[in-house]
Structure formats: structure tokens, C-alpha cells
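Enquirer: All chains should be modelled from the sequences, with the hints used to inform the complete structure.
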Amino acid sequence: GDSVTQMEGPVTLSEEAFLTINCTYTATGYPSLFWYVQYPGEGLQLLLKATKADDKGSNKGFEATYRKETTSFHLEKGSVQVSDSAVYFCALSEIGTDKLIFGTGTRLQVFP
Amino acid sequence: DAGITQSPRHKVTETGTPVTLRCHQTENHRYMYWYRQDPGHGLRLIHYSYGVKDTDKGEVSDGYSVSRSKTEDFLLTLESATSSQTSVYFCAISETQGYTDTQYFGPGTRLTVL
Numbered sequence: 001g002d003s004v005t006q007m008e009g010p011v012t013l014s015e016e017a018f019l020t021i022n023c024t025y026t027a028t029g030y031p032s033l034f035w036y037v038q039y040p041g042e043g044l045q046l047l048l049k050a051t052k053a054d055d056k057g058s059n060k061g062f063e064a065t066y067r068k069e070t071t072s073f074h075l076e077k078g079s080v081q082v083s084d085s086a087v088y089f090c091a092l093s094e095i096g097t098d099k100l101i102f103g104t105g106t107r108l109q110v111f112p
Numbered sequence: 113d114a115g116i117t118q119s120p121r122h123k124v125t126e127t128g129t130p131v132t133l134r135c136h137q138t139e140n141h142r143y144m145y146w147y148r149q150d151p152g153h154g155l156r157l158i159h160y161s162y163g164v165k166d167t168d169k170g171e172v173s174d175g176y177s178v179s180r181s182k183t184e185d186f187l188l189t190l191e192s193a194t195s196s197q198t199s200v201y202f203c204a205i206s207e208t209q210g211y212t213d214t215q216y217f218g219p220g221t222r223l224t225v226l
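Respectively, the protein sequence lines represent chains A and B. If you read the first sequence in my numbering, its first letter stands for residue 1, the second for the next number, and so on. If you read the second sequence in my numbering, its first letter stands for residue 113, the second for the next number, and so on.
It should be emphasised that the hints constitute simulated quantities derived from the structure, not laboratory data. What you are looking at is a predicted structure, and each value in this text was computed from that prediction instead of being measured. Backbone N, C-alpha and C define an ideal beta-carbon position, used for all residues, glycine too. Take these hints with a grain of salt, some might be off.
[What the hints assert, rightly or not] Here are the computed distance ranges between Cβ atoms for each label pair:
1) B/D213 - A/G78: 27 to 35 Å
2) A/V82 - B/T125: 34 to 42 Å
3) B/D166 - A/K52: 27 to 35 Å
4) B/T138 - A/R67: 32 to 40 Å
5) A/D54 - B/P120: 40 to 48 Å
6) B/D166 - A/E16: 47 to 55 Å
Expert: The following block contains the structure:
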């Protein structure tokens with residue numbers, strides 16, 4: 001079945017550092033891809049999405065590009081802030097059912 | 113804000129007792145979902161609904177039942193709670209935007225089964 005693999009955390013960075021969180025997927029066809037963010041004690045918020053190959057999703061300085069050649073959707077940000085500290089989930093929408101398949105999440109810790 | 117509320121937000125219960133969690137939405141969405149979140153597993157789908165009285169099982173449905181008698185409410189019931197059901201439970205709705213369905217999540221319910 002479909003699956004999503006994320007890099008294990010925690011990812012620890014200093015403020016203003018460059019962030020990459022890797023996400024790769026296995027799926028039949030070309031599913032929609034999503035990044036969700038979960039701040040401490042809160043639910044998941046949609047961060048960005050991409051629906052077809054070569055699409056770039058972006059929001060709040062975060063970006064991710066749908067790469068069908070490498071089946072990847074890596075999350076990047078040029079300069080992280082302490083307020084970006086959270087858990088980030090990569091997910092795909094299963095074709096035909098629209099069920100979301102999640103990765104295990106990556107915790108990001110940003111220090112001043 | 114997709115207008116999703118969950119109740120209760122926190123609950124502690126004992127093994128063997130029944131528990132019902134409620135998800136309420138205000139925007140008439142057809143699709144609703146229940147997930148559980150556990151360390152090392154991300155979120156896993158328990159049950160989902162595609163309309164009033166129309167529900168189906170997800171990946172981890174054993175020990176759970178659901179009901180949807182009104183569009184706005186989706187109930188998750190643990191008939192006899194076990195310690196393995198200690199988790200954070202999230203409800204979600206699906207919204208169609210263009211050709212893509214996007215899910216939006218409620219704030220979660222933290223359930224502890226002693």
C-alpha cells in the first residue's frame with residue numbers, strides 16, 4: 001500500500017539557520033501531497049500542499065516541491081525562527097479514496 | 113478555521129468503561145474522519161463518514177465504533193476502553209478546493225485509560 005517516510009527527529013537548529021525536512025513516498029499514481037504542522041498542545045494545521053508533479057507549495061516562508069522522479073516532497077525554509085518549533089507531518093492523499101497517509105512526524109527545535 | 117470542535121478535550125477513564133468522543137462541525141462538510149495519534153506512528157485513520165449514517169472502517173478500527181445521525185456531528189465510541197486506546201484523538205473534515213480534497217483538523221481529545 002501507499003506509504004510516507006520522513007526523516008527522524010528531532011532536528012535541532014539555531015535561529016536563522018536553513019531547514020530541510022526530508023519526505024519520500026510510495027504510491028500508485030500521483031497523489032496530492034501535504035505538509036501539516038502541529039504546535040505544542042494543538043491540532044494539525046495545513047502548512048502547504050501540491051497536487052501534481054513539479055508543483056511548489058509555499059506558506060509562511062516554507063516551501064516544498066513535488067518531485068515525481070525522486071518521489072519526494074522535502075520541506076525547506078531559508079531562515080527558521082524559534083516560533084517554528086513544532087512537529088511537521090508529511091502526508092499523501094490516497095488516489096481513489098482521498099484517505100490521508102501520514103509519515104511519523106519530525107520534531108523541529110529552534111534555539112535562539 | 114474549519115469550524116471543528118471536539119469534546120471533551122481531556123478525559124481520564126478506567127479500563128472496561130465505555131467512552132464517547134464528539135466531533136462537531138459548523139460548515140456542512142460531507143466527509144468526516146477520526147484519527148488517533150501515537151508516538152512513532154503519526155496519525156492513523158480509525159473510521160470515516162461520507163454522509164449521514166454512511167460510515168466505513170479505517171486502518172485501526174478494532175475496538176471502536178462510530179455514528180453520524182446528523183451532518184454536523186460524528187461520534188467515536190470505545191465500547192470497553194483498554195489501556196492501548198490511550199491516545200490523542202483528532203477529528204477532521206474534508207473540503208474540496210479545485211480538484212483536490214484537503215483535510216482540516218480539530219483541536220484533539222487527549223484520552224487516558226487507566
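Enquirer: Which earlier hints turn out false for this structure, listed by number in ascending order?
Expert: none
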